[in-house]
Each structure stands twice: as structure tokens, then as C-alpha cells.
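S.K.: Here's the letter readout for the chains.
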Amino acid sequence: MDDVLLDIRGLRVEFPTRRGTLVALDDISLALQPGEILGMVGESGAGKSLTGASVIGLLEPPGRVAAGEIRFDGQRIDDLSQEQMRQLRGKEIGAIFQDPLTSLNPMHRIGKQLVETIRTHLPVSEAEARKQAIDMLREVGIPAPEQRIDSYPHEFSGGMRQRVVIALALCTGPKLIVADEPTTALDVSTQAQIIALLRRLCKDKGMAVILITHDMGVVAEIADRVAVLYAGRLAEIGPVREVVQNPQHPYTKGLMASIPVPGRRVEWLPQIPGSMPRLSEIPHGCAFSARCEFAHDQCRAKRPPMQQNENGNLSACWLSVLEQAETGGRHD
Amino acid sequence: MFLKLINRLFQALMTMIFVGLVSFLLFNFVGDPISNMVGQETSVEDRDALREKLGLNDPFLAQFARFGSNAVSGNFGISYALQRPVSTLIAERMPATLELVATSAVVAIVLGVLLGVYTGINRHSWISKTIMPLSLIGVSLPTFVIGILLIYIFSVTLGWLPSFGRGEVTQIGGWSTNFLTIGGLKALILPSTTLALFQMALIMRLVRSEMLEVLRTDYIKFARARGLAPRVVHFGHALRNTLVPVITIIGLNIGSLIAFSIITETVFQWPGMGLLFIQSVTFGDIPVMAAYLVLIAAMFVFINVVVDILYLIADPRLRGRG
Amino acid sequence: MTITPDSPPSRFNRFMDSDLMFSFLSSKLTVVSAIITLIFFVAAIFAPLVAPHRPFDPATIDLLDAFTPPVWAEYGDARFLLGTDDQGRDVLSTIIYGCRISLLVGFAAVGLSLLIGVGVGLLSGFYGGWLDTVFMRLADVQLTVPAILTALVIDGIADLFVPPSMRETLSIVVLILAIGLSDWPRYARVARSSTMVERNKEYVMAARVIGVGSFRIILRHILPNILGPILVMATIGLAIAITTEATLSFLGVGVPPTTPSLGTLIRIGNSFLFSGEWWITIFPSLALVLLVLAVNLLSDWLRDALNPKLR
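Protein chains in written order, with our numbering: chain Z, 56 to 387; chain L, 8 to 329; chain P, 0 to 310.
Incorrect hints may have been included.
Claimed, not checked - Computed cross-link-like contacts, PhoX-like style, restricted to lysine-lysine with a CA-CA straight-line distance of at most 25 Å:
no.: 1; chain 1: L; residue 1: K228; chain 2: Z; residue 2: K230
no.: 2; chain 1: L; residue 1: K228; chain 2: Z; residue 2: K146
no.: 3; chain 1: Z; residue 1: K146; chain 2: Z; residue 2: K308
no.: 4; chain 1: L; residue 1: K228; chain 2: Z; residue 2: K167
no.: 5; chain 1: Z; residue 1: K308; chain 2: Z; residue 2: K357
no.: 6; chain 1: Z; residue 1: K260; chain 2: Z; residue 2: K230
Stated by the list, open to error - Calculated Cβ distances over 10 Å to all of chain L for the following chain Z residues:
no.: 7; residue: S84
no.: 8; residue: R141
no.: 9; residue: K146
no.: 10; residue: A150
no.: 11; residue: E181
no.: 12; residue: K186
no.: 13; residue: G261
no.: 14; residue: R296
no.: 15; residue: S313
Simulated from the structure, these hints should not be mistaken for lab results.
As the structure is a prediction and not an experimental result, all values here were calculated from the model.
All C-beta atoms, glycine included, are put in the ideal place defined by N, C-alpha and C.
Next up, chain Z with everything else stripped away, as it sits in the complex:
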């Protein structure tokens, strides 16, 4: 674990409201290596996007980082000044948002938006920046970039616009990309193209990616590891194959079971009963205890620690803790 690009430790994000403080992210710890693609999944409201926003330093007030730290490239970034964070953001850490139709400023030609981004972060001339912009557009697969660079966003289709958004995120050569639901707003065939493009660019440039999505299919296709969030807490994190095929946490198990598998005929897809609690009503102990069919007294009383199994899966569940203790005891 010496070669770490992003290291989040014990991150806690709070929203003060009139009915008390809501803990939106609670003790999130995870690390990313250079060039690694981490999928981040969970229901809406589980805290995926907030984790992304914390990394790029764009938490919406009144949300704030209340505890923990974020390190990027060995440097602590969660306590940087706004101006220092701004210089890092867009240069070292890029971001892609959900809706390409609204991510681009409709009033400006895409060339202007690319050039201003490049020149904000890199000491190049206007002409050089324009050349780089055209190269970047070509790289993300915009046909005839020399002409298209002077078009307005509304002159592109949805998929093409998301390519432009990717170009904007990548044009300064960042080491990390936070992609928040980059394909959700697109139709299925375009989705596949964009995912393939992202994957290729990451591998070519050695960029690490945090891919926030609720689509397990996308994660399985592109990610190296996957983190499962539930009610602002990390439920499970591990190599994608392990998490998909051998989930440890009951929530992950439920999640995986509810994904239809092609070619397998079933009467009905299993569903996790109930729904994720509101942030103001998270139960004591394990956040999932109210919906968990294996829950016992300890689950309702005390929060389970993160526990690693033999395959490198980290999960927060008393069952696996006990299991390990048993097996461990036998071996002793």
C-alpha cells in the first residue's frame, strides 16, 4: 500500500439542520492506487455523490467535513484553502457529472470552454491551447474536431456532449477523475460507447477513476474494485470479481441477487424488504440491521468493524466477524 494516489481516512460529512445534525457520511475509509478504477455503488442517498464532492472539494454548504482526512498524492487536501483547492481541481483531479445536456455552458462555444480550462491550469499560449483542445476532442472521438471546436453545445447530440465533457475533464492531464453517474442520462447504446471510451482513456493515461453509479453492470464491466455504500457508511469494499461473486455483507448479497442474469430464467427477482432509512433515522448499531434477515441483538447494539476476509474483501458485518473468530479459533 505504499503506492497510493488517493487516501480517504475516517471521512465524516455532516449537515447541520434545525432538527439536529445529519451525518451524511460516517467513517468512510478507502484508498485508490494510480490508474485504478473504483466503482462506487449504492442507492440514491447512500452518500456516493457526497464522497465524490468531498474529494473535489465542492461540498454544498451547509455540508462540511467534520472528521477524517483526505490525502491526494501524499498531500492532505481536505484542509486546503479554497484557492489552493481550486488550483488542484481541474488540473490534478477532474470531474464528470451526470447530465451532459446541462453540464456545458450553452452560451459559449465548446472551444472557448476547453481553451479557458487549459489556460487556467497550464502555461500555454492561446494558439497552443487551441491545438491541444482539438487533439483532445479527437481523442474522445469527436469527428472533424477542427470544425466542431467552434460549435455551441446545443449543436451536439447527448452522447457527443458527454464526450466533450470528458474532454473538458481530461484536457489538463489529471491523475484522478471523479465521474458521477457519467452514463445515467444517456441511452443504452451510447452508454456502452462512453464506458468503453472512459476505460480506454484511463488505461492509456494511467488515470485513476472513482466511478459513481447505481448500475452494477457498468461497474462489473469497467471497475477494478468496488465500494458498496449504505446509509452513509461503507458496507463492503473489495475486488470487483470478489464482491460480485462472493459478497460478504448481507446488503451486498441482496444487491447482487436482485440483478437479473442473462440466460437464467427465474420466477421473480429477489428484493431486499424495506427501504434505506432516512439519515435522521439510522438505527443504532449496524445501519442495515432493521432490514437484515440475519440481524441479532449485537447488530442492533453496536456498529460492526470493517473486517477483511481471505480474498481481500473488506466488509462491515458482525456475521463475518464472528465467522472469522470461529475459524480463527479452530486454527489456533
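Please arrange chains L and P on chain Z, whose structure you already have, making use of the hints.
M.R.: Relative to chain Z, chains L and P alone:
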């Protein structure tokens, strides 16, 4: 877009015809125009002859057409109260109103937009927190109350500025101006402040809420995520996107300034078209009322067309492809 | 938050605990303006009981009391808190009676605008077609001209049709008509767009499928759902109507001096501003500003409180 422009021109035409019709009905059917023109002792035969001569027995549409063509060539007849051609009266009074409105418009728009942008960006600064309640007072003060308070403070109590009339004016051709003498400029200060204050507060509040609306959009979030400097995000991206609504607001406000100049002119006895109009309303001086209405409607239609053209310049999405 | 299931909170408690109530109580300015508005309303409704004098009863006024300055100034008189006007009428009492007229005209005009505007908006939005086109064109045309100008013109024209002997008695009706007719398009637009959204929702479809009549759907299902934005507009509209009334009366085309509104009082007092009797015009002006400001603050709060985007 072309269709939209045609549609707006059609609408402008409808407005003009509607206002023209109202003016015409006023002109011809309220009271008896003949008795307004001749003395008590005129005989019935003479009245009938005059009626025939003026074409008042012609069919309705023929009369309306004649009224329209007269209006286009600026002929609105003779004022009942002042016994002078309405067109001359209007021409004499127009410079006073236009100078007042133009001065107020510049003040209201420049200060209103600047303050609106500032308070939109720095929502939590103490300056914004001071300006916002003040602006609410600004939009709650009726124009004539502002005028009275200003007169009480600056004319009656302090004696610094004149409280009525245009003061010294300079004649250039047929145009009388306030701008060339100290006295003229001093006379302009209170009326233009009165007229501008309400509109300034209104523009400020509208620009601020537009700004807040835009600052919440995804492309501003994305611009921030690209690490652009706050200055670029605010002025290059956010302000640019508020242009279309701001143009609308400004267009509407110039219209309002013209309407509210009636009140300001009354408070300050400013010898403009508004004062002429309000006098004509009190006297039932229909030719002047009709002429003023048609003129004002034409101004509003003109402003609307200019606003539509400015939209095209401001927003690339409306320009169509290529 | 734990709720004991066997004792559900009463309706009153639920109301006091609601977000709307919370945002109301947490803004001191809003509470203060609500109290000010309430004082104005009560004073206006119970004017004969509240006012210290009866300013329009010739038997009770004395010309010898004319031009008495406010009580704290030199030559002030303890009977007249805010002084008297040129005819010896108590300024405070004329203001209280003036508010009565101003609020009467304001509420009636808003009521008229609402009736026309919401009616037109509902019909336009629900039926669409040529009805919609005609109504909305009319609204567009009227919206090109500021409401105050429209009111002024309607008032001027209507006055020409009223015989001179009836003018004083009918002037308030004419004024209500003029202000009410000048402000309906704003309501119509909002009602129309909200109706068009509601019309296509499933509950309306469902009501249609089971054979509920159009009018019943409009009144029972659509109207309640568009009340929020309409209510916000109506409070702003009240401030506008009061201002418009005052302005027209100040210009001398509104309420006659025999039953003066705040605007008329300011107009009357304005001629004494230069001779030093400032209180005759300044106090009604301040009363008008206070009233309009309080109503504006309330509408501002209501708009923000009902806007889910700003929560």
C-alpha cells in the same frame, strides 16, 4: 426563431390596433366632438354641416381608417382645453419626458444590474445583508412618496435643490435640454432619482434572483469543478447566462419608467408629456389622451421589438444552426 | 424523533411543528411584519372604535384646531397625537379611516383580479385551443403596458361614462374596477401554466375516466393544487393594488377628498409641505409605506417558504 419574430410583430400590430381602437372610440363616441369644438350659440344646421364636413356620418370603418392615417401622420386634432394642435403640444413636451426617462433609465439599469450581480454572488456578505432589506423598502415606496420625501429633505429642509419645474433649459433646434447648464442639471437630480429609485431596487432584486438561479445550474458546478477562477465563473459564465432575462427585465423597466414618469412629473411639476396627459385626464381633454395613448403604445411596441432582436444577439441557441 | 403511537399529535400541534410555521417563527422580521399588518387590518375594520376622533363628522371638528402640529412639537395639543390638517381634523384619525378605504379598494381589486385571472387561467389551461389563444393574446397585449398605466386609462375612460353627479359615489367602484382589470394577466398566466401541468397528471385522468364532469374536476381537483403560487401572487398583488390606489388618488383621479384614502390624504397634505405643515402629508406617507412594506415582507417570506427549491 423566424416564426417567433413574425409572431411578435403580429402581436405588436395587434397591440397598436387595439390601442388605436380605444383611442378612436374615445375620440368619437365619448361626449359629442362637435359640441367640444363649437360654441353654445351654433345652430343645429351648422352643427350638422360641420358633422358632415368632418365625416362623422361616414361608416365606422371609414372613420377608423381615417383616424389611423391621421394618427400615422401625427395629426390628432386640437386640444379642447388648450385650443392648440395636439401634435405641437406633444412635440413641446417630449424632450422633457425623454430626458427624464433616459437619465433615470441609465441610473436604474447601471446601479441595479451592478448591485444585483454583487448581491447574487456575495449572498452572505454584510453589504448584501444591508442592501437586501433596503431594496425591499425601495420597492415598497410608491414613486410619489419617494418624491415627497426627497422634496421635504432636499428642498424644504436643506434647501439644496429645486423642487419643481425644469429650471434652466437650453434650446437646440426644436429640442430643449437640461444637460447643458448647472441649473438644468440640478433641477434634474430629484425627479430622476425619484423615478430611478423604485426601478433600481426592482432591477436589483430581479437580477439577483436570476444570478442565484444560474449559480445553481450544472454548468456552473462543472465550471467550478474544472477549477476556473471565481472571477471567470461569475462573470464569464454566470453573468453571460443571465443576459436574456436581464434584457427582458430592462425592456419592461424602460416601459415602466415611461409610465411612472406621469407620477414623477406630477409631483415635480415637470413639464413633460406625462403631466400633459394627467391634466388631459382630469379635464376630459380627449384628443390629448388619445394621442398620448397611441404614442406610448408605439414606444412600448418599439421597445419589445428591440428586446426580441437583442435576444437573438444574446443567446446562440435562438440563432438556429450554423 | 420518536413518536409515541398511542397519542397522535393533535392537528394544532402538527401545525405548530410544520416547516411553514417554523420558518415563520424563525424570522423575526416576518413576525413583526405580520403583527404590523394585523394592526392595520384591525384598525381599519374597527376604525370608528379605534380612532380618537370622528374626522368626517362636521359636528366634531373645529376650524380653530387647524394646523396643530404633532404633540411633541411646539404648540402641540394632547388631543391630537399626530397634529391636525387644514380643517382641524385629527391626522391620526384620518389615517385610520384612510387605511380603511385603501384596504377596501386593495382587497376588492385583488379579489376581482383573482376572479378574472384564475378563471381565465383555469379555462385556458384546461381547454386549450382557440379559447386559450384568445385569452393569452389579450393577456400578452395587456402585459406590454405597465398595470398602473392600464389602471389610469381604465379609470379615465370609465369616469367619462359616469354622470358628474354620480362621480363621487361611484369613484371607489370605478377605482376597484380599474385596478382589478389592470392586474389579471399575471394571475391568468400562473394559473394557466399550473393547470396545464396538473391537467396531464394521473389523478385528473383517473377522475375523467370515472366520468367526473369538467367543472367539477377544475374546481375540486385542479384549483386546490394551484393555490400555493396563486396565494403568493395575491399577497404581492395586495401590495401592488394598495400602491396603485394611492398613486391614482394622489394623481387626483382616484378617491374623492370626502372619503379620503391614504393617497388622497397625501395629495391634500402635499400642498402644505412648503409652508411648514409637514405632518399633514408625511404621516400618511409613512403609514402607507409601513403597510406596503409589511405586506411585501410577508409575501417575500411566503414565496420562499413555499418554494421547495430553496428549502
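S.K.: Checking one constraint from the list: CA of K228(L) to CA of K230(Z), max 25 Å. Satisfied?
M.R.: holds, 20 Å
S.K.: Far enough from chain L: is every CB of that chain over 10 Å from the CB of R296(Z)?
M.R.: It holds; R296(Z) is separated from chain L by about 31 Å at its closest Cβ, greater than 10 Å.
S.K.: Would the pair K146(Z) and K308(Z) pass a check requiring their Cα atoms to be no farther apart than 25 Å?
M.R.: Answer violated: K146(Z) to K308(Z) is near 38 Å, above 25 Å.
S.K.: With the threshold set at 25 Å, check whether the alpha-carbon distance from K260(Z) to K230(Z) stays at or below it.
M.R.: Status holds; Cα separation ~8 Å.
S.K.: Compare the distance between the alpha carbons of K228(L) and K146(Z) with 25 Å, and conclude whether the hinted pair is satisfied.
M.R.: holds, 16 Å
S.K.: Verify this label for me: S84(Z) is non-interface relative to chain L, using a Cβ-Cβ cutoff of 10 Å.
M.R.: holds, 24 Å
S.K.: Beyond 10 Å from chain L, beta-carbon-wise, is K186(Z)?
M.R.: holds, 19 Å
S.K.: Could you check that no beta carbon of chain L comes within 10 Å of the beta carbon of A150(Z)?
M.R.: Its Cβ does come within 10 Å of chain L, the nearest being 4 Å, so this is violated.
S.K.: Regarding the assertion that R141(Z) does not contact chain L, is the least Cβ-Cβ distance greater than 10 Å?
M.R.: Non-interface label on R141(Z) violated, nearest chain L Cβ at 5 Å vs cutoff 10 Å.
S.K.: With a cut-off of 25 Å on the C-alpha distance, tell me whether K308(Z) and K357(Z) pass.
M.R.: holds, 21 Å
S.K.: Going by Cβ atoms, does S313(Z) stay more than 10 Å from chain L at every point?
M.R.: Nearest chain L Cβ is 30 Å from S313(Z), so the label holds.
S.K.: For G261(Z), is the shortest CB-to-CB distance to chain L above 10 Å, so the non-interface label stands?
M.R.: With a cut-off of 10 Å, G261(Z) remains clear of chain L, as the shortest Cβ separation is near 21 Å.
The earlier numbered hints that this structure contradicts are 3, 8, 9, 10.
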